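**Q** The chain contents come next:
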Amino acid sequence: NAGVTQTPKFQVLKTGQSMTLQCAQDMNHEYMSWYRQDPGMGLRLIHYSVGAGITDQGEVPNGYNVSRSTTEDFPLRLLSAAPSQTSVYFCASSMTSGVAGRELFFGEGSRLTVL
Amino acid sequence: GQSLEQPSEVTAVEGAIVQINCTYQTSGFYGLSWYQQHDGGAPTFLSYNGLDGLEETGRFSSFLSRSDSYGYLLLQELQMKDSASYFCAVRELSGNTPLVFGKGTRLSVIA
Numbered sequence: 003n004a005g006v007t008q009t010p011k012f013q014v015l016k017t018g019q020s021m022t023l024q025c026a027q028d029m030n031h032e033y034m035s036w037y038r039q040d041p042g043m044g045l046r047l048i049h050y051s052v053g054a055g056i057t058d059q060g061e062v063p064n065g066y067n068v069s070r071s072t073t074e075d076f077p078l079r080l081l082s083a084a085p086s087q088t089s090v091y092f093c094a095s096s097m098t099s100g101v102a103g104r105e106l107f108f109g110e111g112s113r114l115t116v117l
Numbered sequence: 008g009q010s011l012e013q014p015s016e017v018t019a020v021e022g023a024i025v026q027i028n029c030t031y032q033t034s035g036f037y038g039l040s041w042y043q044q045h046d047g048g049a050p051t052f053l054s055y056n057g058l059d060g061l062e063e064t065g066r067f068s069s070f071l072s073r074s075d076s077y078g079y080l081l082l083q084e085l086q087m088k089d090s091a092s093y094f095c096a097v098r099e100l101s102g103n104t105p106l107v108f109g110k111g112t113r114l115s116v117i118a
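As you go down the protein sequences, you meet chains G and H in turn.
Counting in our numbering, the first sequence tops out at residue 117, every number present.
Counting in our numbering, the second sequence tops out at residue 118, every number present.
One thing to keep in mind: the hints can contain errors.
Said to hold, decoys possible - Per label pair, the in silico range of CB-to-CB distance:
1) Leu100/H to Gln59/G: 28 to 38 Å
2) Gln86/H to Met43/G: 21 to 31 Å
3) Asn30/G to Thr64/H: 36 to 46 Å
4) Ser10/H to Thr98/G: 16 to 26 Å
5) Gln83/H to Asn67/G: 39 to 49 Å
6) Thr51/H to Ser71/G: 24 to 34 Å
7) Thr64/H to Asp75/G: 26 to 36 Å
8) Gly35/H to Asn64/G: 24 to 34 Å
9) Lys16/G to Glu63/H: 44 to 54 Å
10) Thr22/G to Asp75/H: 37 to 47 Å
FYI, nobody ran anything at the bench for these hints, they're computed from the structure.
Values in this document were obtained by computation on a predicted structure and should not be read as measured data.
In this text, a Cβ means the ideal position worked out from N, Cα and C, and glycines have one as well.
The task is simple: from the sequences and hints, build the whole structure.
**A** The structure is reproduced here in structure tokens:
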């Protein structure tokens with residue numbers, strides 16, 4: 003019973019490097035999203051998708067790209083890492099974006115450090 | 008847009024009852040959700056209020072009043088394992104909208 007799987011769990015990058023955080027879900031959920039969590043800031047939405055081929059920006063999208071080519075996968079790309087992107091990243095999915103999607107299922111998180 | 012306000016920290020004694028409030032500003036939303044997150048872990052879903060009133064799940068209850076733009080999470084018979092952060096969240100009605108979270112309330116249960 004995998005649920006939402008994020009990889010890698012830990013990553014250290016140097017400023018300017020690029021990388022992709024992977025997220026996959028096996029629940030056939032339409033809705034997927036990425037959040038970052040910093041101390042005292044709660045969960046801030048980066049990007050979200052309501053279905054394959056559809057993505058939209060959240061509260062803090064700058065410096066990040068996403069794509070949704072399949073229902074299962076929703077990778078998050080850091081184009082040129084900056085120390086301000088040091089954070090814990092969570093991928094989450096739900097059945098839909100409406101009332102039926104009231105429960106969001108989270109991955110275990112990816113802890114990223116940018117030096 | 009929407010904004011949700013929660014107290015940043017709450018401390019309560021083991022065995023007691025604690026209430027975590029959430030006030031919000033949004034034009035219309037599906038319902039109010041609550042999530043729990045232990046240190047180092049991922050948030051997990053606790054409860055959902057689609058209608059006004061109280062929803063009970065074991066030791067946890069959640070309440071919503073749309074007319075007062077207010078909800079709360081009530082934890083009874085507190086246990087040490089309830090020490091965690093608690094987040095309220097809403098999803099607006101208009102179109103395909105994401106779930107937006109409050110900044111969270113850190114609950115510390117003390118002996």
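**Q** Please go over all the hints and tell whether each is borne out by the structure.
**A** So, going through the hints one by one against the coordinates:
1. Leu100/H to Gln59/G: 28 to 38 Å: violated (19 Å)
2. Gln86/H to Met43/G: 21 to 31 Å: Hint holds: Cβ distance 28 Å, inside 21 to 31 Å.
3. Asn30/G to Thr64/H: 36 to 46 Å: Check failed, 26 Å falls outside 36 to 46 Å.
4. Ser10/H to Thr98/G: 16 to 26 Å: The hinted range 16 to 26 Å holds for Ser10/H and Thr98/G, with Cβ atoms some 24 Å apart.
5. Gln83/H to Asn67/G: 39 to 49 Å: About 45 Å separates the Cβ atoms of Gln83/H and Asn67/G, which means 39 to 49 Å holds.
6. Thr51/H to Ser71/G: 24 to 34 Å: holds (28 Å)
7. Thr64/H to Asp75/G: 26 to 36 Å: Taking Cβ atoms as reference, Thr64/H and Asp75/G lie about 32 Å apart, which means the hint holds.
8. Gly35/H to Asn64/G: 24 to 34 Å: holds (28 Å)
9. Lys16/G to Glu63/H: 44 to 54 Å: holds (51 Å)
10. Thr22/G to Asp75/H: 37 to 47 Å: holds (44 Å)
Consistency with the previously given hints fails for numbers 1 and 3, ordered from lowest to highest.
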